[in-house]
Amino acid sequence: MGRYLLKRLGISVLVVFLVSVISFTLVHMLPGDPAVLALGSEASEQDVEAFRKEYHLDRPVAEQYVIWIREILHGDLGDSITYSRPVTACLAERLPRTISIGLPALILSSMFGIFCGIVSAVKRGKFVDNLITFVSTIGLGAPQFWLGILGVYIFGMKLKLLPLSGYVAPSENFGQYVYYGVMPILILSFGLLASVSRQTRSNMLEVINQDYIRTARANGLVEKSVVYKHALKNALIPVITTIGLQVRVVVGGSLMVEQVFNIAGIGTLIVSAINGRDYMVVQGCVFVISVFIVLVNFVIDLLYGFVDPRVRKSWR
Amino acid sequence: MEEKILLDVKNLRTSFFTDAGEVKSVNDVSFYVKEKEIVAVVGESGSGKSVTQLSVLQLIQSPPGKILGGEVWFEGENLLTYSKKQMCGIRGNGISMIFQEPMTSLNPVYTIGNQLTEVLRAHHKNMTKQEAWKRGVEALAAVGIPDPEARMKNYPFEMSGGMRQRAMIAISVACNSRLIVADEPTTALDVTTQAQVMELLLSLVEKNGTSIIVVTHNLGLVTRYADRIYVMYAGRIVESGTTEMLLTNPRHPYTLGLLASVPKLDSDKEEKLIPIEGTPPNLAQMPEYCSFYPRCPYACEECRQKEAPVLRPVGEEGHFMACHRDVKGGKTDG
Chain X
1 MGRYLLKRLG ISVLVVFLVS VISFTLVHML PGDPAVLALG SEASEQDVEA FRKEYHLDRP
61 VAEQYVIWIR EILHGDLGDS ITYSRPVTAC LAERLPRTIS IGLPALILSS MFGIFCGIVS
121 AVKRGKFVDN LITFVSTIGL GAPQFWLGIL GVYIFGMKLK LLPLSGYVAP SENFGQYVYY
181 GVMPILILSF GLLASVSRQT RSNMLEVINQ DYIRTARANG LVEKSVVYKH ALKNALIPVI
241 TTIGLQVRVV VGGSLMVEQV FNIAGIGTLI VSAINGRDYM VVQGCVFVIS VFIVLVNFVI
301 DLLYGFVDPR VRKSWR
Chain Y
1 MEEKILLDVK NLRTSFFTDA GEVKSVNDVS FYVKEKEIVA VVGESGSGKS VTQLSVLQLI
61 QSPPGKILGG EVWFEGENLL TYSKKQMCGI RGNGISMIFQ EPMTSLNPVY TIGNQLTEVL
121 RAHHKNMTKQ EAWKRGVEAL AAVGIPDPEA RMKNYPFEMS GGMRQRAMIA ISVACNSRLI
181 VADEPTTALD VTTQAQVMEL LLSLVEKNGT SIIVVTHNLG LVTRYADRIY VMYAGRIVES
241 GTTEMLLTNP RHPYTLGLLA SVPKLDSDKE EKLIPIEGTP PNLAQMPEYC SFYPRCPYAC
301 EECRQKEAPV LRPVGEEGHF MACHRDVKGG KTDG
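If you read the protein sequences in the order shown, they are chains X and Y.
So the first sequence is numbered by my numbering: it starts at 1 and just counts up by one.
So the second sequence is numbered by my numbering: it starts at 1 and just counts up by one.
Please keep in mind that the hints were generated in silico from the structure rather than gathered at the bench.
Hints may contain errors.
[Said to hold, decoys possible] Dumping the calculated DSS-like pairs for lysine-lysine here, alpha-carbon to alpha-carbon at most 25 Å:
1. Lys84(Y) - Lys126(X)
2. Lys125(Y) - Lys123(X)
3. Lys24(Y) - Lys224(X)
4. Lys229(X) - Lys24(Y)
5. Lys129(Y) - Lys233(X)
6. Lys24(Y) - Lys306(Y)
7. Lys84(Y) - Lys229(X)
8. Lys233(X) - Lys306(Y)
9. Lys129(Y) - Lys229(X)
[Said to hold, decoys possible] Selected chain Y positions facing chain X (Cβ under 10 Å, derived; list incomplete):
10. Leu54
11. Arg91
12. Ile95
13. Phe99
14. His123
15. Met127
16. Val314
Note that CB positions come from ideal geometry on N, CA and C, so glycine has one too.
Modelling step: build the complete structure from the supplied sequences, incorporating the hints.
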């Protein structure tokens, strides 16, 4: 297992490196001068020069990259141009908010999605199955921003059950956190829930026809054991991959949801940083997010081995 | 000598309701298995031989399949009147089934030990994990798996096809099944392993007094092991009798055809294999007359006009066949 892990880890590091190069290059290709944007078009030549020097903007792009990476290795993501404070401090402030919305959405949609998928498969062709399929299709098809606006309109403006926007940290007041958070979390989880449920359903139906399921039945195991022990574990192996891939969707979705619900998380930070050509913040956020995604994929790979002995064996 | 009948199936009928119409896979099939007997059910693919056995255990997927009628008497009880829960108590415990595909018949994500002990504990509610494990190890040893203690911790993919088939048999041995239904147990195995698995099944009959039904298309294989043979064609039994009767004195044209298409290794003459012409009939569109008529080399106008033939005694006692004509060793006299 050691060798496999090492190899996998090496690939992860390579991916992070490539992402850092690409994100760095992309940000620097954006039109517009951060110095002018930060100081205003009225700023004097000397001020602009000094500003450029301070943020190493006068150096060649390749050198800037090396400086940036060197600082990252020292745990420093550089300073934000617009906020005049370390990017790490911005992230430390914003990240928990995004996580407090994204993580519940991920957990909720995975668990509920698997549950719906099983119910759908077991009750195949019945009313429940059709209902779940119908709702899932909406979940897969409807864009999140539209769902967000619709949610705000119905539950916020018409029924006045939930707030229109805003955010309260769970550590501050948990009740208020749920009150404000429930709609963004639900909207964020809807699409993922739909795809997990669809995939669980189709995997279950495929697995149910396998020979070993027939064996389990022929050996007198009760249907509960056949479905929940023998079929489910096999059906869930590909679902793990889906959930892993969907972490990206949740990260991307939080960008949108934070805008709609006015939550000051990573998503809003990136959007405003791009508008303000805050190179360091954009690079830093993209870097942190990519490391996170790579890590998630790594964990998914480990999980794969955990549930599938055949994969585990191939590691040796 | 009066031997006890263990399984007695009477007039079993199973159909699949498909878009193409009703497929009568098992059409009024009756057979029995005595204690310590090896019975073979022989027929081409699609003859209903597997579906018959699955119907006995009520493992037919429904829909589209449905058991329409008949009786399945096992140890004095009609299994067709059993509830789902009662049937679970029979499956794997009274009657075990072994399937054709040892590579895919065990769950790939659980160890052999896990799957073995699970079945044991499903049938013996009071059995502890340790007891079940011990019984499992014994069962693996009994089916000739070396180093059973270590094999219990293996996953199916870590074992060869023959080993897996042995492990499947071990599950039925562990539960002391009275009857093992082996559906093409050796088809997916290589020839040497085939013989080993058959010998193993044979030894179970002698040691544990188990009865065995072997479902196969391989007539050559079963003639060496089976006490009696049922020949199935298009959802019906067309001939039955002791192995000796069927081999030395086959009466049904289909049995004759089957025998002619089996290669004989012990013959010194170079004999040509004679295949049965045509293909098995479409079970969704069965004619009123004999279903073998279109392929039968002995067919005459009478066969087409009369209704499908039913089993009738011929020759020695215990020999039955379903043909209007009487074909003896390839010569007609009726």
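Exercise. Quickly compare the C-alpha distance for Lys229(X) and Lys24(Y) to 25 Å and report which way the hint goes.
Key: violated, 34 Å
Practice problem: Take the C-alpha atoms of Lys24(Y) and Lys224(X), compute the straight-line distance between them, and say whether it is at most 25 Å. | Solution: violated, 31 Å
Practice problem: Hold the hint about Leu54(Y) up to the distance rule: shortest CB distance to chain X must be less than 10 Å. | Solution: Leu54(Y) check passes; min Cβ-Cβ to chain X is 8 Å, inside 10 Å.
Quiz item: Does the interface hint hold: is Ile95(Y) within less than 10 Å of chain X, judged Cβ to Cβ?
Solution: holds, 9 Å
Quiz item: Holds or violated: are the alpha carbons of Lys84(Y) and Lys126(X) at most 25 Å from each other?
Solution: holds, 21 Å
Practice problem: Mind checking the CB of Phe99(Y) against every CB in chain X and telling me if the closest is under 10 Å? | Solution: holds, 6 Å
Exercise. Assess, step by step, whether the Cα of Lys24(Y) is no farther than 25 Å from the Cα of Lys306(Y), and give holds or violated.
Key: Given pair Lys24(Y), Lys306(Y) holds - Cα atoms ~20 Å apart, limit 25 Å.
Exercise. Go through the hint on Met127(Y) and say holds or violated, using the shortest Cβ distance to chain X against 10 Å.
Key: violated, 14 Å
Quiz item: Against chain X, is Val314(Y) within 10 Å by beta-carbon distance?
Solution: violated, 35 Å
Self-check item: Given hint Lys229(X) paired with Lys129(Y) - CA-CA distance at most 25 Å
Solution: Within the cut-off at roughly 17 Å; holds.
Quiz item: When you check the alpha-carbon spacing of Lys129(Y) and Lys233(X), does it fall within 25 Å?
Solution: Since the Cα atoms of Lys129(Y) and Lys233(X) sit roughly 21 Å apart, the hinted pair holds (cutoff 25 Å).
Exercise. Mind checking the CB of His123(Y) against every CB in chain X and telling me if the closest is under 10 Å?
Key: For His123(Y), the interface hint holds, since the closest Cβ of chain X sits about 6 Å away, which is under 10 Å.
Hint check: violations occur at hints 2, 3, 4, 8, 15, 16; the rest are consistent with the structure.
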